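**Q** Spelled out from the first residue to the last, the chains are:
Number of protein chains: 2
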Amino acid sequence: MRITPKFELERRIKNLQDILKRQGIDGAMIIQNVDVFYFAGTMQRAHLFIPADGLPVLMVKRSFIRASEESALENIIHLENPKEMVAVLKSFGYGPFNILGFELDVLPVVQYQRYHKLFEKTKIIDVSPYIRSLRMVKSPYELGIINESAGLNQEIYGFIRENIREGITELELAGDVEAACRKRGHIGMHRLRGFNQELGYGHLMSGSNLAVSSYFDGPTGGRGPDPSFPQSAGYKLIGKNEPVLVDYGFVYDGYIVDQTRIFCIGKLPDHLVRAYSVAYKIQERIKTLAKPGVMCAELYDSALEIAEASDFGEHFMGYPERVSFIGHGVGLELDEMPVVAAGIKTPLEEGMVLAIEPKFVFQDGAVGIENTFVVTADGLKTLTIFDEDIIYI
Amino acid sequence: MRITPKFELERRIKNLQDILKRQGIDGAMIIQNVDVFYFAGTMQRAHLFIPADGLPVLMVKRSFIRASEESALENIIHLENPKEMVAVLKSFGYGPFNILGFELDVLPVVQYQRYHKLFEKTKIIDVSPYIRSLRMVKSPYELGIINESAGLNQEIYGFIRENIREGITELELAGDVEAACRKRGHIGMHRLRGFNQELGYGHLMSGSNLAVSSYFDGPTGGRGPDPSFPQSAGYKLIGKNEPVLVDYGFVYDGYIVDQTRIFCIGKLPDHLVRAYSVAYKIQERIKTLAKPGVMCAELYDSALEIAEASDFGEHFMGYPERVSFIGHGVGLELDEMPVVAAGIKTPLEEGMVLAIEPKFVFQDGAVGIENTFVVTADGLKTLTIFDEDIIYI
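Chain order of the listed sequences is A and B. Start counting the first sequence at 1; every next residue gets the next number (UniProt numbering). Start counting the second sequence at 1; every next residue gets the next number (UniProt numbering).
Hints in this document: simulated from the structure, not taken from any laboratory. These numbers were taken from a predicted model, which means no experiment stands behind them. Possibly wrong hints are sitting among the right ones.
Listed below are the simulated SDA-like cross-link pairs for lysine to any residue, each with C-alpha atoms no more than 25 angstroms apart in a straight line [what the hints assert, rightly or not]:
#1 Lys183(A) <-> Gly167(B)
#2 Lys236(B) <-> Ser68(A)
#3 Lys83(B) <-> Gly194(A)
#4 Lys345(A) <-> Gln111(B)
#5 Lys236(B) <-> Met1(A)
Could you build the full structure based on these sequences and the hints that come with them?
**A** Written as structure tokens, this is what we have:
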């Protein structure tokens, strides 16, 4: 069991406090489970109050015992009823407040209204953009975990190469691969911040099922088992001479790496092979371009330029329904900042972790490559190592 | 691929419209993916407007193609930018509105603020309690699917009996079981309405790991792989003479059944065997009590009474941290209404589907039973069929 070290929590909290002070915000009330984990090292059900100045207070509903074991914070108390929060904070010398920050991008309205009553003379503002921008840049501690996660995903792609076979359903292959992930400590799902967004281990589809688009905000969709879960693997049988795209992330100690490879039993149609080489060329181009200070939009534009100059422009990043990004931050959530998309002026910074996923979608399949990279002073460093050719079985 | 039939959607929509009319609400804007699926038969990214009177309008961002294939509704249009929603509704003859309903229990504040601007002269109220109370009572169509889901879970419990073995980790067993679920079309996760609540296939723990409580709102917790996912299976090895509790739901065509059985390689300690028989007695008592018109609180109280009269009162429903319910509605979400808990005055109705899960938690393990039942005129009918004794291997 890895416990987030105290120095790491302190660094994260100090970074947020610097922003709070600069913005004139008295404190942040962190409630979303992933953010609580980021700042407190525990995911137990809790409110974490981070004052602009002073020690944070972790108020735990359940499990208090466990939060006390897992969190290196000093002030951890049991709070059964959130209504007593104001009195508790007062006992720590915090409040009344002029301005408090909440995670308004994820907090449901009904819950917000309750907090609004509790802190009725306080102005409530959204601190999620600040939190997300802090989480965007990973520390050496986080990069260490992400590296381990990448090592585990390398094993998984090896497992797929050994276990993929003709005539089984996508769901059957997915089940086998997911069991291999689970045994290695995968939490069994991805966390996403976006409302209504959900994902298990990732996308695994073959041939024509790769052309089915979906509600999931990515270039590929997939039919899924049924319309109640309209994405990823379905009952289609895996056949010969068609692409099997596996876009699986590993989630280890909370941290995600995202990766895509193309498998094929037999031989791929020529247009897919050619489109794959364009995707690969885009990846290589982005690797040379992506240095600290370069804007995300520049990466997207140069990717689009290569795609448009090829024979497959209209198949880039989805067909017929296209998404307008080629990459995204990953960390504790799959949809972290920055988004590598048109118009995004965020400059790259050292320590950002990005999944870059140029893909081309056709009626008879999809191809592409995805790796997770860390931005270093010298450019992108690949974290997700595995054979970067089409993997023929 | 099962498509929700038009008559079923029409029935659901009419039920909501009856409430809207009675409450003087002009219409409901449905956005949460599960509710959209319930009323429109598709889970594509969309806004579903249901007027108090007239035909609904499904406004789809992505995938429009797929929503058109999956939904039996008449008015399905592509809407790229939600800002155009007001004009679109006007073109169908809807608006301006005095009062509109949104799902404020799940809608994030930032998104709500955008809708508030769009409909600036409209009062926005929460219609989730109405939607949840409609979804609480299942139709014959829904019961048909739930029955299929129960049949698949029966196969899964048989699979566990055949595949459980000493010396493998909980995660390894979980992976194998989950692969068996996935091959049968399990969507790979449970949907929960509660903020911050998440669950994969369910809980699978053994011996002392059953005593670890967690953020998940249930009687059992489990260590999980690490503090970033502090529930269910972990790296503990499954041993002899200890309980292995498997609380796995099957999610088929969106519909959940919830079930728990106790497996044991060897022989269980006497106190666990005796506590199991109390749990079973509670289940049987509830089966005779639970008739239409009986309040949920009555079921909880009588369960508590039996537990308190036994030698294991303080171990009932969690130890040392206890939850205050013994059952809950299931359907498209795991935390549906009603909750079978102290003080809940909701009377049972024919067609409600309830998971009842009396459990006892000790330092060296936990035991109990859970089945999913439908409320009929004659009382509870068990849907989740499998050996109801402790299953010795």
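**Q** Are Lys83(B) and Gly194(A) close enough, with their CA atoms no more than 25 angstroms apart?
**A** holds (19 angstroms)
**Q** Is Lys345(A) close enough to Gln111(B), meaning Cα to Cα at most 25 angstroms?
**A** holds (23 angstroms)
**Q** Holds or violated: are the alpha carbons of Lys183(A) and Gly167(B) at most 25 angstroms from each other?
**A** holds (13 angstroms)
**Q** Compare the distance between the alpha carbons of Lys236(B) and Ser68(A) with 25 angstroms, and conclude whether the hinted pair is satisfied.
**A** Distance ~21 angstroms between Lys236(B) and Ser68(A) Cα, so the pair holds.
**Q** Run the distance test for Lys236(B) versus Met1(A): straight-line Cα separation, threshold 25 angstroms.
**A** Holds, at about 12 angstroms.
Checked against the numbered hints above, the structure breaks none of them.
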